[in-house]
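Make a model of the complete structure from these sequences and hints.
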Amino acid sequence: AQKVTQAQTEISVVEKEDVTLDCVYETRDTTYYLFWYKQPPSGELVFLIRRNSFDEQNEISGRYSWNFQKSTSSFNFTITASQVVDSAVYFCALSEAATGRRALTFGSGTRLQVQP
Amino acid sequence: GAGVSQSPSNKVTEKGKDVELRCDPISGHTALYWYRQSLGQGLEFLIYFQGNSAPDKSGLPSDRFSAERTGGSVSTLTIQRTQQEDSAVYLCASSGQLYQETQYFGPGTRLLVL
Numbered sequence: 001a002q003k004v005t006q007a008q009t010e011i012s013v014v015e016k017e018d019v020t021l022d023c024v025y026e027t028r029d030t031t032y033y034l035f036w037y038k039q040p041p042s043g044e045l046v047f048l049i050r051r052n053s054f055d056e057q058n059e060i061s062g063r064y065s066w067n068f069q070k071s072t073s074s075f076n077f078t079i080t081a082s083q084v085v086d087s088a089v090y091f092c093a094l095s096e097a098a099t100g101r102r103a104l105t106f107g108s109g110t111r112l113q114v115q116p
Numbered sequence: 117g118a119g120v121s122q123s124p125s126n127k128v129t130e131k132g133k134d135v136e137l138r139c140d141p142i143s144g145h146t147a148l149y150w151y152r153q154s155l156g157q158g159l160e161f162l163i164y165f166q167g168n169s170a171p172d173k174s175g176l177p178s179d180r181f182s183a184e185r186t187g188g189s190v191s192t193l194t195i196q197r198t199q200q201e202d203s204a205v206y207l208c209a210s211s212g213q214l215y216q217e218t219q220y221f222g223p224g225t226r227l228l229v230l
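Just so you know, the sequences run in chain order L and A.
Residue 65 in the numbering used here sits at position 65 of the first sequence; the count goes up by one each step and never skips.
Positions in the second sequence are counted from 1; adding 116 to them yields the numbering used here.
Note that these hints are calculated values from the structure, not bench results.
Quick caveat, the model's predicted, so the values are computed rather than measured.
Note that the Cβ used here is the ideal one computed from N, Cα and C, for glycine as well.
Heads up, a few of these hints could be off.
Derived contacts from chain L toward chain A, CB cut-off under 8 Å, selection only [what the hints assert, rightly or not]:
1. Gly43
2. Phe91
3. Ala97
4. Arg102
Below, a list of computed lysine-lysine pairs in the BS3-like style, where the Cα atoms sit at most 27 Å apart [unchecked claim]:
5. A:Lys173 with A:Lys127
6. A:Lys127 with L:Lys3
7. L:Lys70 with L:Lys38
8. L:Lys38 with L:Lys3
9. L:Lys38 with A:Lys127
10. A:Lys133 with A:Lys173
Computed Cβ-Cβ distance ranges for the label pairs, DEER-style [unchecked claim]:
11. A:Ala118 with L:Arg63: 22 to 32 Å
12. A:Arg226 with L:Lys70: 32 to 42 Å
13. L:Gln115 with A:Arg197: 42 to 52 Å
14. L:Arg111 with A:Arg226: 12 to 22 Å
15. A:Ser143 with L:Asp55: 25 to 35 Å
16. A:Gly132 with L:Asn67: 44 to 54 Å
17. A:Thr129 with L:Lys70: 26 to 36 Å
18. A:Gly144 with L:Arg111: 26 to 36 Å
19. A:Ser143 with L:Val46: 11 to 21 Å
20. A:Glu130 with L:Ala7: 31 to 41 Å
21. A:Gly132 with L:Arg63: 47 to 57 Å
This is how it looks when you write it as structure tokens:
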């Protein structure tokens with residue numbers, strides 16, 4: 001069965017600090033997809049990134065970067081020079097290809113608070 | 117373009133009543149999903165529709181929950197004889213037809229069962 005673990009329940013940082021959100025996943029599939037979503041106080045889930053299991057290249061988008069390591073089954077998310085607007089709950093999610101099930105399995109989320 | 121829309125935004129009902137929640141997916145998206153977000157259970161998958169294929173109902177928690185999708189577009193999630201434990205935010209998402217395309221979420225319907 002697939003599982004996503006976000007061990008950090010809540011993180012608090014001061015603006016301009018760098019912060020890394022951890023995500024560890026479990027799957028028996030060799031083909032799978034990993035996602036990060038942001039849920040700001042407004043409540044809507046906002047898509048951030050999607051990676052497939054064959055692409056281990058790290059990705060950078062502005063202040064956001066993602067580190068995918070199959071050897072440790074991790075897909076960590078780093079925010080550089082955090083800003084107050086980054087305050088939100090962040091979810092890591094997984095979907096498997098072999099089962100044909102397209103539903104996302106979410107982690108429990110990490111609440112990030114960025115203090116001014 | 118327009119994103120996924122859901123109505124109502126909030127719904128308060130009494131225990132035992134039936135409720136209907138509506139989702140309008142992104143135009144052109146063939147896949148539609150319902151999820152539930154509650155304090156105790158996190159984000160859980162409920163049901164998935166893809167075109168004319170039989171829906172994947174594997175996440176529905178009981179037979180009080182049902183969903184339909186008419187004309188391959190709008191979907192309605194129905195909860196019969198609501199219970200207090202049904203209180204949650206119900207989220208709808210849609211995606212394109214290619215396998216494992218990204219799911220885009222609506223703003224959700226916050227359901228409170230008194």
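Tested hints:
1. A least Cβ separation of about 6 Å between Gly43 (chain L) and chain A falls short of the 8 Å threshold, and the interface hint therefore holds.
2. Interface restraint check for Phe91 (chain L): the shortest CB-CB distance to chain A comes to about 7 Å, inside 8 Å, so the restraint holds.
3. Given hint, Ala97 (chain L) at the interface with chain A, holds; its Cβ is 6 Å from that chain's nearest Cβ, closer than 8 Å.
4. Taking 8 Å as the C-beta cut-off, the interface hint given for Arg102 (chain L) holds, the closest approach to chain A being about 6 Å.
5. With a CA separation close to 23 Å, the supplied pair Lys173 (chain A) and Lys127 (chain A) stays within the 27 Å bound.
6. Proposed proximity of Lys127 (chain A) and Lys3 (chain L) is contradicted: the alpha carbons are some 31 Å apart, above 27 Å.
7. Restraint check: the Cα-Cα separation between Lys70 (chain L) and Lys38 (chain L) comes to about 23 Å, which is no more than 27 Å; the hinted pair holds.
8. About 19 Å separates the Cα atoms of Lys38 (chain L) and Lys3 (chain L), which keeps this hinted pair within 27 Å; it holds.
9. Between Lys38 (chain L) and Lys127 (chain A) the alpha-carbon distance is near 24 Å, which keeps this suggested pair within the 27 Å criterion.
10. The hinted pair formed by Lys133 (chain A) and Lys173 (chain A) meets the criterion: a straight-line CA distance of about 22 Å does not exceed 27 Å.
11. In this structure the supplied range 22 to 32 Å holds for Ala118 (chain A) paired with Arg63 (chain L), their Cβ-Cβ distance being about 28 Å.
12. The given range of 32 to 42 Å is respected by Arg226 (chain A) and Lys70 (chain L), whose C-beta atoms sit roughly 38 Å from each other.
13. The hint said 42 to 52 Å for the Cβ distance between Gln115 (chain L) and Arg197 (chain A), and at roughly 45 Å that hint holds.
14. Between Arg111 (chain L) and Arg226 (chain A) the Cβ separation comes to about 18 Å, which falls inside the hinted range of 12 to 22 Å.
15. Taking 25 to 35 Å as the suggested C-beta distance range, the pair Ser143 (chain A) and Asp55 (chain L) conforms, at roughly 29 Å.
16. The given range of 44 to 54 Å is respected by Gly132 (chain A) and Asn67 (chain L), whose C-beta atoms sit roughly 50 Å from each other.
17. Distance hint check for Thr129 (chain A) and Lys70 (chain L): the Cβ-Cβ separation is about 46 Å, which falls outside the suggested range of 26 to 36 Å.
18. The hinted range of 26 to 36 Å is satisfied by Gly144 (chain A) and Arg111 (chain L), whose Cβ atoms lie roughly 34 Å apart.
19. Between Ser143 (chain A) and Val46 (chain L) the CB atoms are about 19 Å apart, so this pair conforms to the stated range of 11 to 21 Å.
20. Taking the beta carbon of each, Glu130 (chain A) and Ala7 (chain L) are about 39 Å apart, inside 31 to 41 Å as hinted.
21. The hinted range of 47 to 57 Å is satisfied by Gly132 (chain A) and Arg63 (chain L), whose Cβ atoms lie roughly 49 Å apart.
Comparing the model with each numbered hint stated earlier shows that hints 6 and 17 do not hold.
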